[in-house]
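Below are the chains, spelled out letter by letter.
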Amino acid sequence: EAGVTQFPSHSVIEKGQTVTLRCDPISGHDNLYWYRRVMGKEIKFLLHFVKESKQDESGMPNNRFLAERTGGTYSTLKVQPAELEDSGVYFCASSQEEKGGADTQYFGPGTRLTVL
Amino acid sequence: AQKVTQAQTEISVVEKEDVTLDCVYETRDTTYYLFWYKQPPSGELVFLIRRNSFDEQNEISGRYSWNFQKSTSSFNFTITASQVVDSAVYFCALNTYNTDKLIFGTGTRLQVFP
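Same order as they appear, the protein sequences are chains A and B.
Numbering of the first sequence is given in the numbering used here, commencing with residue 102 and proceeding in unit increments.
Numbering of the second sequence is given in the numbering used here, commencing with residue 256 and proceeding in unit increments.
FYI, nobody ran anything at the bench for these hints, they're computed from the structure.
Just so you know, these numbers come straight off a predicted model, no measurement behind them.
We treat Cβ as the ideally placed atom computed from N, Cα and C, and that holds for glycine.
The reader is advised that the hints may include incorrect statements.
As the list claims (entries may be wrong) - Examples of chain A residues lying across from chain B (beta carbon under 10 angstroms, computed):
| id | residue |
| --- | --- |
| 1 | 103 |
| 2 | 105 |
| 3 | 109 |
| 4 | 116 |
| 5 | 117 |
| 6 | 144 |
| 7 | 149 |
| 8 | 152 |
| 9 | 205 |
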C-alpha cells in the first residue's frame, strides 16, 4: 500500500511568486491534514479536510494560503503571493476514520519551500 | 490549552548506550492520545507509537520502550542499546477526542556516534 506522497519535494521561489503544493493521501483515507514546520520550530497544524470539506482551518496563517481537496482525493495548498516567512517544510498527513482524533495520522515526506 | 514540551533539544550518545527522550504534555481533556514520530535525515515523519489516555501500560517494541505516567503527565521514550540508525529528530505529539489536530513538541535531535 502506497503511503502519503507529496510533490514537489523541494521548491525555491522568489517573494511575490505563487507556489502550489500537492498531497496524495493513503488510498481510502477520508481525513487529510496539512502541517508546517518553520525555522526548526515545532510542527504546527494548518488545516484538516474530511473528504472534500474543510473540517478545521484554524491554523491557516492568513488569506494568502488556499487549500483545496477536490473530489475528496488529493489536496493542493497554494501560497499566493509567497512571503519570506512562508519558508519551511510543509507536511501532509492522512488518517482513516471520520473521527480523526482517535486515529493515527500518517505523514508524507514533506515539501521544503524556500522563499527568497 | 494543549501543549507538549520536549525539553531536550539535542542528545548525543555513543552506540550501545541507552537513551531516554522526555515528553511532558498538558491537556484538560480526559480522553487524549499521545504519539511519537521519528524524522530521519531523509525528512519523512515515521509513526512509532500511539497511546490513549486510558491505557497506562508501558510498551516495549524491540529496543524501543515507552513509559506513560498520567501522574506526571509524561510519555517518555527509551532506546536501549542505541544504534547509528537511530539518529534522527524525535517528536512527541498529542491530540484529544475533541480535536483532530496534532500538537507537537519542538523535537529532540538524537545523534548516535559509532
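Hints and how they fare:
Among the interface hints, the one on residue 103 (chain A) is violated; its C-beta lies about 13 angstroms from the nearest C-beta in chain B, farther than the 10 angstroms criterion. Taking 10 angstroms as the C-beta cut-off, the interface hint given for residue 105 (chain A) holds, the closest approach to chain B being about 9 angstroms. Hint status for residue 109 (chain A): violated, given a least beta-carbon distance of 13 angstroms to chain B, over 10 angstroms. The beta carbon of residue 116 (chain A) comes no nearer than 24 angstroms to any beta carbon in chain B, farther than 10 angstroms, and the hint placing it at the interface is violated.
The criterion of a C-beta within 10 angstroms of any C-beta in chain B is not met by residue 117 (chain A), whose closest approach is roughly 27 angstroms, and the hint is violated. Because the beta carbon of residue 144 (chain A) sits about 4 angstroms from the nearest beta carbon in chain B, less than 10 angstroms, this interface hint is met. The beta carbon of residue 149 (chain A) is positioned within 10 angstroms of a beta carbon in chain B (closest approach about 5 angstroms), and the interface hint is therefore held. Proximity of residue 152 (chain A) to chain B is violated relative to the hint, the smallest CB-CB distance being about 14 angstroms (cut-off 10 angstroms).
With a cut of 10 angstroms, the hint placing residue 205 (chain A) at the interface with chain B holds, because the nearest CB-to-CB distance is about 5 angstroms.
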